[in-house]
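*Asks:* Going by the numbering used here, the letters in the sequence shown line up with residues 43 to 153, in that order.
Everything labelled a hint here was simulated from the structure, so no lab data went into it.
Fair warning: there could be bad hints in the mix.
Unchecked claim - Taking lysine to any residue pairs in the SDA-like style, the calculated list, with each CA pair at most 20 angstroms apart, reads:
{"no.": "1", "residue 1": "Lys-146", "residue 2": "Ala-80"}
{"no.": "2", "residue 1": "Lys-48", "residue 2": "Glu-86"}
{"no.": "3", "residue 1": "Lys-59", "residue 2": "Arg-75"}
{"no.": "4", "residue 1": "Lys-67", "residue 2": "Gly-120"}
{"no.": "5", "residue 1": "Lys-146", "residue 2": "Arg-110"}
{"no.": "6", "residue 1": "Lys-146", "residue 2": "Lys-59"}
{"no.": "7", "residue 1": "Lys-48", "residue 2": "Val-145"}
{"no.": "8", "residue 1": "Lys-146", "residue 2": "Thr-51"}
{"no.": "9", "residue 1": "Lys-67", "residue 2": "Leu-77"}
{"no.": "10", "residue 1": "Lys-59", "residue 2": "Arg-110"}
{"no.": "11", "residue 1": "Lys-67", "residue 2": "Met-43"}
{"no.": "12", "residue 1": "Lys-67", "residue 2": "Pro-134"}
{"no.": "13", "residue 1": "Lys-48", "residue 2": "Trp-130"}
{"no.": "14", "residue 1": "Lys-59", "residue 2": "Gly-120"}
{"no.": "15", "residue 1": "Lys-48", "residue 2": "Pro-134"}
{"no.": "16", "residue 1": "Lys-67", "residue 2": "Arg-142"}
{"no.": "17", "residue 1": "Lys-146", "residue 2": "Asp-88"}
{"no.": "18", "residue 1": "Lys-67", "residue 2": "Lys-146"}
The model shown is predicted, which means the values in this text are computed figures rather than measured ones.
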Amino acid sequence: MSPWRKLITLAPALAAKVRAMRPPKLRVVADGRVLYWALALPSEEDLEAHAAWPGQNAPSLEAWLVERLAFLEEAWPGAQEVELLGVWAGNPPRLEPVARARVKRREEVGA
43 MSPWRKLITL
53 APALAAKVRA
63 MRPPKLRVVA
73 DGRVLYWALA
83 LPSEEDLEAH
93 AAWPGQNAPS
103 LEAWLVERLA
113 FLEEAWPGAQ
123 EVELLGVWAG
133 NPPRLEPVAR
143 ARVKRREEVG
153 A
């Protein structure tokens with residue numbers, strides 16, 4: 043299972059953790075490379091207002107996280123490790139880990 047899929051399956055727990063931590067932004071790192079430097083987290087009110095328009099989606103933080111992670115999975119399907127970090131303003135910015143998922147390496151059997 044890809045790290046993106048692992049995080050998507052954990053979306054309810056991720057959303058709860060993000061609500062508790064309340065970071066204004068998320069940094070997405072895959073294999074040590076920053077994919078999103080500071081992805082702004084929408085408020086629950088903004089998501090509900092956005093979903094009220096016909097044809098729009100992501101009525102909840104959980105759905106928004108799934109949507110963003112699925113987009114990133116398409117763009118970087120071969121990622122072996124993905125980390126989400128909460129970002130707060132400052133110089134330097136404060137970073138706190140939100141979640142990390144990685145592909146488990148298979149043990150090589152020696153002869």
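*Asks:* Given the proposed pairing of Lys-48 with Val-145, does the C-alpha separation stay at or below 20 angstroms?
*Replies:* Roughly 9 angstroms separates the two Cα atoms, so the pair holds.
*Asks:* Under the criterion that the straight-line Cα-Cα distance not exceed 20 angstroms, is the pair Lys-59, Gly-120 satisfied?
*Replies:* violated, 26 angstroms
*Asks:* Hinted pair, alpha-carbon criterion (20 angstroms max): Lys-67, Leu-77. Please report holds or violated.
*Replies:* holds, 13 angstroms
*Asks:* Can the restraint linking Lys-48 and Glu-86 be considered satisfied, given a maximum Cα separation of 20 angstroms?
*Replies:* violated, 24 angstroms
*Asks:* Starting from Lys-48, check that the Cα of Trp-130 is at most 20 angstroms away, please.
*Replies:* violated, 25 angstroms
*Asks:* Quick one, are Lys-48 and Pro-134 close enough, alpha carbons at most 20 angstroms?
*Replies:* Not OK: Lys-48 and Pro-134 at ~30 angstroms, beyond 20 angstroms, violated.
*Asks:* Against the 20 angstroms threshold, does the CA-CA distance of Lys-67 and Lys-146 hold or violate the hint?
*Replies:* violated, 28 angstroms
*Asks:* Lys-146 and Arg-110: Cα distance at most 20 angstroms?
*Replies:* violated, 23 angstroms
*Asks:* Regarding the pair Lys-146 and Asp-88, is the alpha-carbon distance no greater than 20 angstroms?
*Replies:* violated, 37 angstroms
*Asks:* Measure nothing beyond the straight line between the CA atoms of Lys-59 and Arg-75; if it is 20 angstroms or shorter, mark the hint as holding.
*Replies:* violated, 23 angstroms
*Asks:* Does Lys-67 pair with Gly-120 here, judged by a C-alpha cut-off of 20 angstroms?
*Replies:* violated, 25 angstroms
*Asks:* Between Lys-146 and Lys-59, is the straight-line Cα distance small enough, at 20 angstroms or below?
*Replies:* violated, 24 angstroms
Of the numbered hints given earlier, the model fails hints 1, 2, 3, 4, 5, 6, 11, 13, 14, 15, 17, 18; all others are met.
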